[in-house]
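All chains, full assembly: derive it from the sequences and hints.
Protein sequence lines, in the order shown, are assigned to chains A and B. With our numbering, letter number 334 in the first sequence gets 334, and the count goes up by one each step, no holes. With our numbering, letter number 83 in the second sequence gets 488, and the count goes up by one each step, no holes.
Just so you know, not all the hints are guaranteed correct.
[To be verified] Some, not all, of what chain A presents toward chain B, calculated at C-beta under 8 Å:
1. Met121
2. Val198
3. Gly289
4. Gly304
[As the list claims (entries may be wrong)] A few chain B residues facing chain A, derived, Cβ under 8 Å:
5. Asn533
6. Glu564
7. Pro567
[As the list claims (entries may be wrong)] Sample of chain A residues with no beta-carbon within 10 Å of chain B, all distances over it, derived:
8. Arg64
9. Val291
10. Gly293
Everything labelled a hint here was simulated from the structure, so no lab data went into it. Don't be surprised by glycine CBs; every beta carbon is placed ideally from N, CA and C.
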Amino acid sequence: MSIEKTHDGEPSGAGASGLMGAPGPSGRFGEFGGRFVPESLVPACIGLEEAFADAWADPEYRARLDGLLASYAGRPTPVTECSRLSERLGVRVLLKREDLAHTGSHKINNVLGQALLAERMGKKRLIAETGAGQHGVASATAAALLGLDCVVYMGEVDVERQALNVFRMRLLGAEVRPVSSGSRTLKDAVNDALRDWVASVETTHYCLGSVMGPHPYPYMVRQFQRVVGDEALGQCRALLGGRDPDVVVACIGGGSNAAGTFAGFVDTAAALVGVEAAGGAALGNGLPGVVHGMRSQFLQDEMGQVLEAHSISAGLDYPGIGPEHAYLAAIGRASYHAVDDGEVLQAFQLLARTEGIIPALEPAHAVAWLVRAAASGQLAAGSTALLTMSGRGDKDVEQVMEMLA
Amino acid sequence: MSSPDLAAPLGTTGPGSAAAGAGAVTPHEPGRLEAHLRERREAGFKLVVPYITGGLGDDWIDTLRAVAAAGADAIEVGIPFSDPVMDGPTIQEASQRSLESGTTPLSILDSLRRVEVEVPIAVMTYYNIVARAGHRRMASELAEAGVSGAILPDLPVDESAPWTAAADEAGVETVLLAAPTTPDERLRLICGRSRGFLYAVGLLGVTGERSELADSALTIARRCKAATDVPVLVGVGVSNAEQARAVCQVADGVVVGSALVRRLLDGAGPEGAAAFVAELRAGVDEA
Ligand SMILES: Cc1ncc(COP(=O)(O)O)c(C=O)c1O
Numbered sequence: 001m002s003i004e005k006t007h008d009g010e011p012s013g014a015g016a017s018g019l020m021g022a023p024g025p026s027g028r029f030g031e032f033g034g035r036f037v038p039e040s041l042v043p044a045c046i047g048l049e050e051a052f053a054d055a056w057a058d059p060e061y062r063a064r065l066d067g068l069l070a071s072y073a074g075r076p077t078p079v080t081e082c083s084r085l086s087e088r089l090g091v092r093v094l095l096k097r098e099d100l101a102h103t104g105s106h107k108i109n110n111v112l113g114q115a116l117l118a119e120r121m122g123k124k125r126l127i128a129e130t131g132a133g134q135h136g137v138a139s140a141t142a143a144a145l146l147g148l149d150c151v152v153y154m155g156e157v158d159v160e161r162q163a164l165n166v167f168r169m170r171l172l173g174a175e176v177r178p179v180s181s182g183s184r185t186l187k188d189a190v191n192d193a194l195r196d197w198v199a200s201v202e203t204t205h206y207c208l209g210s211v212m213g214p215h216p217y218p219y220m221v222r223q224f225q226r227v228v229g230d231e232a233l234g235q236c237r238a239l240l241g242g243r244d245p246d247v248v249v250a251c252i253g254g255g256s257n258a259a260g261t262f263a264g265f266v267d268t269a270a271a272l273v274g275v276e277a278a279g280g281a282a283l284g285n286g287l288p289g290v291v292h293g294m295r296s297q298f299l300q301d302e303m304g305q306v307l308e309a310h311s312i313s314a315g316l317d318y319p320g321i322g323p324e325h326a327y328l329a330a331i332g333r334a335s336y337h338a339v340d341d342g343e344v345l346q347a348f349q350l351l352a353r354t355e356g357i358i359p360a361l362e363p364a365h366a367v368a369w370l371v372r373a374a375a376s377g378q379l380a381a382g383s384t385a386l387l388t389m390s391g392r393g394d395k396d397v398e399q400v401m402e403m404l405a
Numbered sequence: 406m407s408s409p410d411l412a413a414p415l416g417t418t419g420p421g422s423a424a425a426g427a428g429a430v431t432p433h434e435p436g437r438l439e440a441h442l443r444e445r446r447e448a449g450f451k452l453v454v455p456y457i458t459g460g461l462g463d464d465w466i467d468t469l470r471a472v473a474a475a476g477a478d479a480i481e482v483g484i485p486f487s488d489p490v491m492d493g494p495t496i497q498e499a500s501q502r503s504l505e506s507g508t509t510p511l512s513i514l515d516s517l518r519r520v521e522v523e524v525p526i527a528v529m530t531y532y533n534i535v536a537r538a539g540h541r542r543m544a545s546e547l548a549e550a551g552v553s554g555a556i557l558p559d560l561p562v563d564e565s566a567p568w569t570a571a572a573d574e575a576g577v578e579t580v581l582l583a584a585p586t587t588p589d590e591r592l593r594l595i596c597g598r599s600r601g602f603l604y605a606v607g608l609l610g611v612t613g614e615r616s617e618l619a620d621s622a623l624t625i626a627r628r629c630k631a632a633t634d635v636p637v638l639v640g641v642g643v644s645n646a647e648q649a650r651a652v653c654q655v656a657d658g659v660v661v662g663s664a665l666v667r668r669l670l671d672g673a674g675p676e677g678a679a680a681f682v683a684e685l686r687a688g689v690d691e692a
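Set out below in structure tokens:
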């Protein structure tokens, strides 16, 4: 991969389409992105931007990260051909198996990168927000691995519905702080993590879990996740006799597994599809705004008060979306759709029964869209889809058991 | 409250004015808020600016009048936002209570438009409220409501130009924040662009009461005073008269939020708020 710089006017590292390279000045993707944080945090964000640029261009850092991704996280993850599901849908389905990565989701890719960066910056404490708990578990894991302190903010609603992950984080030595403000879900966990960071910025790295927040996070997290798409591109070509899939689909909470996947395919002819939860469809139902450090699309009222998202999936229960997705939507390079809780529960069971893979509720959204698009003819019969299976369903089994009872 | 003769001359400066050096003469024409604070400072007073969450309780406008009468030099009125990341538990709770009672940015501006308060008012809110309304619309609505200044803690100087252009044009003074982590070069940039006053954040952290005054409060006050001639007010973590007095050994004044808002949440009402502001006044007047 070419060396990328975030400075204005320098090579962006983008490929033929010019998309998904480095962002423009001050972290802009078109009109989206930016760095809207309290003054206390601005110097830390600038420092992080520089530290990331420096590390990303440093072969030693990259070798250490790649080494951990391989020997610790289990990369490369495979691409699995889904014959029985394909037969059922009339569409050839390939899954990029992030569910097989250590800790059970793609979140580990980003967290290893950031934890190594924190170490490099001399920061001994990590804070993180989490919804489904997967990012929290990944952060706790990396902290244990590198001997860092770790505090994870998690909405009370999510603490309850993702109890297994709460226990995992505690086993890994992290402190989980339940958040009781607002909707008591991911949005509020981000608020409290930001409040912690405002006070602790000199000693603490905020290990943000998705392609959101102030610059450089949306860009940096996408770069850490692009390994998903870069691997998948080669794997698909090997399976498809040199061809690319017709459509590449991923679920969207903040949008990190989707961004990492899209980054590998943005220069191909593949259609890029992001799938949001119907109750958290920031691109479907949101308005432009500035929240959590970024200009993007958010569910909000006409006065600018942020609305609560609602989804069975804690990881997609977020009223915003990463700024680069807002940009890809605005220019029409990617399209974004929403599926409801009922469709997701169906898809969750369908994948389990046809392929023996129990998905997390988050990527079950992507499966649900595929089912719908195949049935409606939006996806032509015989076309090929790559779907990022961003995580495994263990954490959700209890919740689904209750819902199906 | 904004009779035309008191209205601020339009802000005249753009990015080119960033070069205010130590003790430099302000390159801009002070608006009403800044002119008033300078006048009070020149008369030998330290400045007391209480913060009140707009729409908190039916009598919040009475509270506004009461704290003005009790010796406030200007008043900060919070327009509550759903996700106030610079605020600790007290102001979060006040914001939520106010929002639950139906407060909107427009309802606050409507109330302010109809009230006479002798001292300048600055609103404090988050940038999404402004971005949603639109810069020009919000700036002109603030001006029409008689509001002199605006404080947007999540809009750092680097991102502020589109808003300050509209605010300057409408005669609304944008108060910028300087933090303990702000390096000197940025501090000069911030000082050069802050209008009304310079908000020196007294500690690394969100709003909330602290039992001790942080050392960083005096340090940031000293750094800001050396960098600008605009009035320097320290806020965040200034919780009582004694702390206010200590800060005012260096700073031109204080912003006191959570300590007052907690009293309001506890039912102190306009009289209780006035009594607390009178305490702060007496505290800094001894300085
Ligand atoms: C398995 C899984 N997929 C997806 C997500 C959503 O995050 P993102 O949109 O950043 O990929 C989460 C978040 O918790 C998750 O756990």
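So, going through the hints one by one against the coordinates:
{"no.": "1", "hint": "Met121", "in the structure": "14 Å, violated"}
{"no.": "2", "hint": "Val198", "in the structure": "6 Å, holds"}
{"no.": "3", "hint": "Gly289", "in the structure": "5 Å, holds"}
{"no.": "4", "hint": "Gly304", "in the structure": "3 Å, holds"}
{"no.": "5", "hint": "Asn533", "in the structure": "5 Å, holds"}
{"no.": "6", "hint": "Glu564", "in the structure": "6 Å, holds"}
{"no.": "7", "hint": "Pro567", "in the structure": "11 Å, violated"}
{"no.": "8", "hint": "Arg64", "in the structure": "29 Å, holds"}
{"no.": "9", "hint": "Val291", "in the structure": "6 Å, violated"}
{"no.": "10", "hint": "Gly293", "in the structure": "8 Å, violated"}
Consistency with the previously given hints fails for numbers 1, 7, 9, 10, ordered from lowest to highest.
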